[in-house]
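Number of protein chains: 2
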Amino acid sequence: MERPDRNLKQAIGIFDSGIGGLTVQREIKSLLPYEDTIYLGDTARVPYGTKSQETVNRYSMEDAGFLMKRGVKLLVVACNTASAYALGNLRDRLTVPVVGVIEPGARKAVQVTTRKRVGVIGTEGTIKSMAYVNTIKSMDPEVSVHTQACPLFVPLAEEGWTDNEVAFLSAVTYLHNLKREAVDTVVLGCTHYPLLKGTLRKVMGEDVNLIDSAEETALEVGRVLMERGLKRTERHGPAEHLFYVTDSPDRFTMVGRRFLGDELGEVAQVSLEG
Amino acid sequence: MERPDRNLKQAIGIFDSGIGGLTVQREIKSLLPYEDTIYLGDTARVPYGTKSQETVNRYSMEDAGFLMKRGVKLLVVACNTASAYALGNLRDRLTVPVVGVIEPGARKAVQVTTRKRVGVIGTEGTIKSMAYVNTIKSMDPEVSVHTQACPLFVPLAEEGWTDNEVAFLSAVTYLHNLKREAVDTVVLGCTHYPLLKGTLRKVMGEDVNLIDSAEETALEVGRVLMERGLKRTERHGPAEHLFYVTDSPDRFTMVGRRFLGDELGEVAQVSLEG
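These protein sequence lines map, in sequence, to chains A and B. Under my numbering, the first residue of the first sequence carries the number 2, and numbering increases by one thereafter. Under my numbering, the first residue of the second sequence carries the number 2, and numbering increases by one thereafter.
With the rest of the complex left out, here is chain A (with noise of 0.2 Å):
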């Protein structure tokens, strides 16, 4: 199933651990319906989220090389724990702009915070790496934040357990220490959350803001390209999507119909190494 010699011209490159930055290529696709887009998740070392800083690194360079090779013209790190982790060190080794999943989060939620109180929540890795904290503070230093990890989250987004009473004890548990804090907005760090929403909307209420940051990273996409004049304004012919797994795509397949839909197509299989 490989096709090395497969590259679109001119696509943007978008990479995560392994399925959840689907979320991410869907609002893309939705919001930038002209654009091409490869897609690569790492599946046979997914997750990043619990593994080290050093680690998480040297994956993220490979995934980004792999895009890069195939002729991107911008890098989607769609991955919550390499965005906190790598994204400083992949703008200073890449030619073309990067784009990760925390600032855009970040920023809405400094926009939309009523009483200065935000939550987020995401996997241990991007929790404890406090990379949203520190990118929320250096935005607006008087907004207090307030982070919960929900390790759960990931596996019941997978499992398709998304509005059943497992994923609503588990969302009254988790966020049980953010409404006590009284948070006015709940940053959604981790690509899979989305799938969550309506549990999470159930368990916060009406009156909080729930920040999407695939929506908000597709939206910082979009303004990235029509700054630096990359951004197609028309095409012949239909878009192209590729997807690459660096494990065997039945899994990736399977779960990724439960993200997008039908939408999904082709998967291939690829290895990094060498």
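Take these hints with a grain of salt, some might be off.
Copies of the same chain look alike in the list, so a pair counts if it fits in one copy or across any two.
[Claimed, not checked] SDA-like, lysine to any residue: derived pairs with alpha carbons at most 20 Å apart:
(1) Lys30 - Leu261
(2) Lys198 - Met69
(3) Lys30 - Arg94
(4) Lys129 - Asp251
(5) Lys70 - Leu170
(6) Lys138 - Lys198
(7) Lys203 - Glu166
(8) Lys203 - Leu170
(9) Lys10 - His177
(10) Lys117 - Arg233
(11) Lys203 - Phe67
(12) Lys129 - Thr254
(13) Lys70 - Pro142
(14) Lys203 - Asn178
(15) Lys232 - Glu274
(16) Lys10 - Thr96
(17) Lys138 - Arg236
(18) Lys109 - Gln149
(19) Lys129 - Pro250
(20) Lys129 - Gln54
(21) Lys129 - Arg252
(22) Lys198 - Asp164
(23) Lys129 - Gly161
(24) Lys198 - Arg229
(25) Lys198 - Gly262
The set of hints was computed from the structure by calculation and includes no laboratory data.
Following the hints, put chain B in place on chain A, whose structure we already have.
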């Protein structure tokens, strides 16, 4: 933190994709108190349960190689996915006895089942591999085997949510079909699951046999050592237990305490590459 020069003579080598195998290490230590153990958790590449056979085979050979270099007298594959995919390969290539976690649990199930209706729960990879079904059927073709993947149980165990309402509802959902099939015996086909035994007992009821594959594997290790004349029957000073991981030890140490209590000693990070 590397200590490549630290070898125990004639220890029992144990490897797992991560932390789950600690339940096996705990049982071996308790049953065979004179034996030294060396544990390797491949935490940089965890989990194996969702990865392909080819990938799991390659990782398992590297894990085994690391322990063989340290002069172990017996190798325990304390990971169900690796036992399902790589056991034959390891036995072909290694000069020491190799014990997996599937055969011992399967054998015990065949021995204790009263109505020849056995349930097996495990990760997606273990269940999909059909390893338990094939092993049980090869021991007694008349046993009907009913399987159920329970992807949330590993994150629940690692989160320490082993006897709360979320764990209970997850178990009710996953075990529904096994109860309907009226199995009289359930094999806990994943090394994390012994931590959920209380909840599984509550859901399945008192009359169903729960087979703890960690316990059965330790008994098998004792039998093999005895048969081969490799069992230590005395020693001066306490037995030693070394722990190695392939990613940062922080999370392993933290979650490992949940598995072993205070007994988890120093954990060193190593690289399997090169």
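Here is what the structure says about each hint:
1. Proximity of lysine 30 to leucine 261 under the C-alpha cut-off of 20 Å is restricted to the intra-copy arrangement: shortest distance 11 Å within a copy versus 47 Å between copies.
2. In this assembly of identical chains, lysine 198 and methionine 69 lie within 20 Å of each other by CA distance neither inside one copy nor across copies; the values are 33 Å within and 48 Å between.
3. In this homomeric assembly, lysine 30 and arginine 94 never come within 20 Å of each other (Cα to Cα): the closest approach is 27 Å inside a single copy and 49 Å across copies.
4. Taking CA atoms no more than 20 Å apart as the test, lysine 129 paired with aspartate 251 passes between copies only; the shortest distance there is 12 Å, against 32 Å inside one copy.
5. Proximity of lysine 70 to leucine 170 under the C-alpha cut-off of 20 Å is found in neither arrangement, the shortest distances being 45 Å within a copy and 47 Å between copies.
6. For a Cα distance limit of 20 Å, the shortest separation of lysine 138 from lysine 198 qualifies neither inside one copy, at 25 Å, nor across copies, at 44 Å.
7. For the homomeric pair lysine 203 and glutamate 166, the shortest alpha-carbon distances inside one copy (12 Å) and between copies (19 Å) are both at most 20 Å.
8. With identical chains, the CA atoms of lysine 203 and leucine 170 are at most 20 Å apart both within one copy (11 Å) and between copies (19 Å).
9. In this assembly of identical chains, lysine 10 and histidine 177 lie within 20 Å of each other by CA distance neither inside one copy nor across copies; the values are 47 Å within and 51 Å between.
10. Taking CA atoms no more than 20 Å apart as the test, lysine 117 paired with arginine 233 passes in neither setting, with 37 Å inside one copy and 64 Å between copies.
11. Proximity of lysine 203 to phenylalanine 67 under the C-alpha cut-off of 20 Å is found in neither arrangement, the shortest distances being 40 Å within a copy and 49 Å between copies.
12. Taking the shortest Cα distances, lysine 129 and threonine 254 sit within 20 Å of each other only across copies (16 Å), while inside one copy they are farther apart (30 Å).
13. For the homomeric pair lysine 70 and proline 142, neither the shortest alpha-carbon distance inside one copy (40 Å) nor that between copies (53 Å) is at most 20 Å.
14. For the homomeric pair lysine 203 and asparagine 178, the shortest alpha-carbon distance inside one copy (16 Å) is at most 20 Å, but the shortest distance between copies (29 Å) is not.
15. Proximity of lysine 232 to glutamate 274 under the C-alpha cut-off of 20 Å is found in neither arrangement, the shortest distances being 32 Å within a copy and 42 Å between copies.
16. Proximity of lysine 10 and threonine 96 under a CA criterion of 20 Å is satisfied intra-copy only: 16 Å inside one chain copy versus 53 Å between copies.
17. Within a single copy, lysine 138 and arginine 236 get their C-alpha atoms no closer than 41 Å, and across copies no closer than 58 Å, so neither meets the 20 Å cut-off.
18. Taking the shortest alpha-carbon separations for lysine 109 and glutamine 149, only the intra-copy value of 19 Å comes in at or below 20 Å, while the best inter-copy value is 42 Å.
19. Taking the shortest Cα distances, lysine 129 and proline 250 sit within 20 Å of each other only across copies (15 Å), while inside one copy they are farther apart (30 Å).
20. Proximity of lysine 129 to glutamine 54 under the C-alpha cut-off of 20 Å is restricted to the intra-copy arrangement: shortest distance 11 Å within a copy versus 33 Å between copies.
21. For the identical chains of this complex, lysine 129 and arginine 252 are inter-copy neighbours only, at 11 Å across copies versus 28 Å inside a copy, given an alpha-carbon limit of 20 Å.
22. With identical chains, the CA atoms of lysine 198 and aspartate 164 are at most 20 Å apart within one copy only, with a shortest distance of 9 Å there and 26 Å across copies.
23. For the identical chains of this complex, lysine 129 and glycine 161 are inter-copy neighbours only, at 18 Å across copies versus 26 Å inside a copy, given an alpha-carbon limit of 20 Å.
24. Taking CA atoms no more than 20 Å apart as the test, lysine 198 paired with arginine 229 passes in neither setting, with 33 Å inside one copy and 58 Å between copies.
25. Taking the shortest alpha-carbon separations for lysine 198 and glycine 262, only the intra-copy value of 17 Å comes in at or below 20 Å, while the best inter-copy value is 36 Å.
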